[in-house]
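Next come the chains, spelled out residue by residue.
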Amino acid sequence: MEDLKKELKLKIIEALNLEDMSVEDISDDEMLFEEGLGLDSIDALELIIILDKDYGIKLTDSKDGKKIFRSIETMATYIAEHRSK
Amino acid sequence: MEEVIQPFYLEKENRMKNNIIHYCNIKDGSVSVNGKSLYVNTVEKDFLSFIKTVYKQFDLAYPKFYKMDPLCKLSIVAASILLENTGSEIDPNMALVLSNKSSCIDIDRKHQETISQEADSYASPANFVYTLPNIALGEISIKYKLQSENSFFIFEYFNPKFLIDYTNSLIDLGKSNRVLSGWVEVNENNYNAFLFIVEKSDGIELTQKNLIKLK
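Chains as they are written, first to last, in numbering that gives the first Met the number 0: chain A, 0 to 84; chain B, 0 to 214.
No wet-lab data here; the hints were simulated from the structure. All of these numbers come straight from a predicted model, not from anything done at the bench. Be aware that one or more of the hints could be misleading.
Cross-link-like lysine-lysine pairs, in silico, DSS-like; alpha carbons within 25 Å at most [what the hints assert, rightly or not]:
#, chain 1, residue 1, chain 2, residue 2
1, B, K142, B, K63
2, A, K5, B, K63
3, B, K109, A, K10
4, A, K5, A, K66
5, A, K52, B, K109
6, A, K10, B, K66
7, A, K5, B, K66
8, B, K63, A, K65
Looking at chain B on its own, in the form it has when it is part of the complex (with noise of 0.2 Å):
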């Protein structure tokens, strides 16, 4: 009888389930980091004034920071808090699969005033290279030298199933150990990060229902 070759990824030592290691949540006023609050500033109810102190509080030390898009600003200091303050080895192959509802439209809006004044007018070309919400992710790459996979998609609400799947392909795939995914929403003045940590280890279980309570 002819054997039956198991794909690499059902063989038993990669059967261990992929779980949810580190999460670090940015929304109302506060930071904190798998559920442990670090930081509270409910004085400022401006998007772009709250995380200038939440950068700062958190001595993340990027300059490139202050040139950023209010996306990538809520990116990079979500993944910044949550890779440095987690003790997490930045593994340069660690994937990135990031979403939210309303893309980079603060900066849109931004080109949009721009190109469209009359005489005179100008795109800013600082404004423009924003105009995509991938650019967060390249931002995260630059930042921590990652080589890895890496994708944003738009959903109308937040859709653990999606991330759960696209998450587990990548690592059961073998396309990478370790992935960095989650939610992160600006919309003016509303924000909401999500992120979280998955790889095979010990760790909370990678579920709709534990997503839903985390975020």
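Bound-form chain A, shown alone (with noise of 0.2 Å):
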């Protein structure tokens, strides 16, 4: 589970750009979305196609989303359990 964790901040890090940070910058109860990281909509969207392309997960209610992507620790444990790949 920590490798998985530090491999979707990585992932993040890139598909987001988010260039002045590092694996150590993002802790894994710290919200994405808001407050936390500032995530926006269109980096939902980045989500969505990481889970989607990387771990063969496709999200088909956007109210899951919010659950999911809450924290680096939620996603982890989601992919953990759904994933195909």
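Work from the hints to combine the two standalone chains into their complex.
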């Protein structure tokens, strides 16, 4: 699980062009949207693509996204349980 | 005899000419405002590395900068330096009239690469949202809370006559009291930004000759 969290942080930094951030700057339970990392709706689309492309998870209900993308911890947990890749 | 009513923009009090009150250049590894050099970095030949050093040097503190495409990065940095280093009051009605040759070609190329890969091909939303040059106008408007007229034009070459005519018409027709206008060109590591602010006040006369000279 720790490896998955680190992998996710690296993917997020790369996909969202968070150039000045490192893995250490993102804590596992930090909010990804709003007051946390401050990601926006376009970033959410990038996260959906990461789930699909890299882990074979297709999100069909936007309500799920809110819970899944709450933090690195919630993302990693969901991926571990649902991944097909 | 019937009295001839002149349009408001020909009334005496409005006859003061539109002048360039401030201008900014970013080119050849240097940044200057009103002709005064503020920063030089000829070490970074790569545009993205260079503009990042400018962003940090001027302490622009706008994290969204990192997500932007090259055209937006150059536009937001040039506009911010111009507005924040000249004591310019931020007028929410300040119009924006930008132009360039290559549109947003760098991000267009990047977007094309992502969609032309064979299997497993995904268009990146973060790239796609920048595949229009007028997004640069939106980024400046968001940062400075502008609610004004804005347009982005593509020309083969810097077109001072068009910019002057368009800028004058915005001011003289009462659409805006102030216009931020100019040229923001990026194509890989070739870049040139020349932005200027025009209003009815003392300044450099808004002529083609002057714009060519200042650019």
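So, going through the hints one by one against the coordinates:
no.: 1; hint: B:K142 x B:K63; in the structure: holds, 10 Å
no.: 2; hint: A:K5 x B:K63; in the structure: holds, 23 Å
no.: 3; hint: B:K109 x A:K10; in the structure: holds, 18 Å
no.: 4; hint: A:K5 x A:K66; in the structure: holds, 20 Å
no.: 5; hint: A:K52 x B:K109; in the structure: holds, 18 Å
no.: 6; hint: A:K10 x B:K66; in the structure: holds, 14 Å
no.: 7; hint: A:K5 x B:K66; in the structure: holds, 21 Å
no.: 8; hint: B:K63 x A:K65; in the structure: holds, 22 Å
When the structure is compared with the earlier hints, no violation turns up for any of them.
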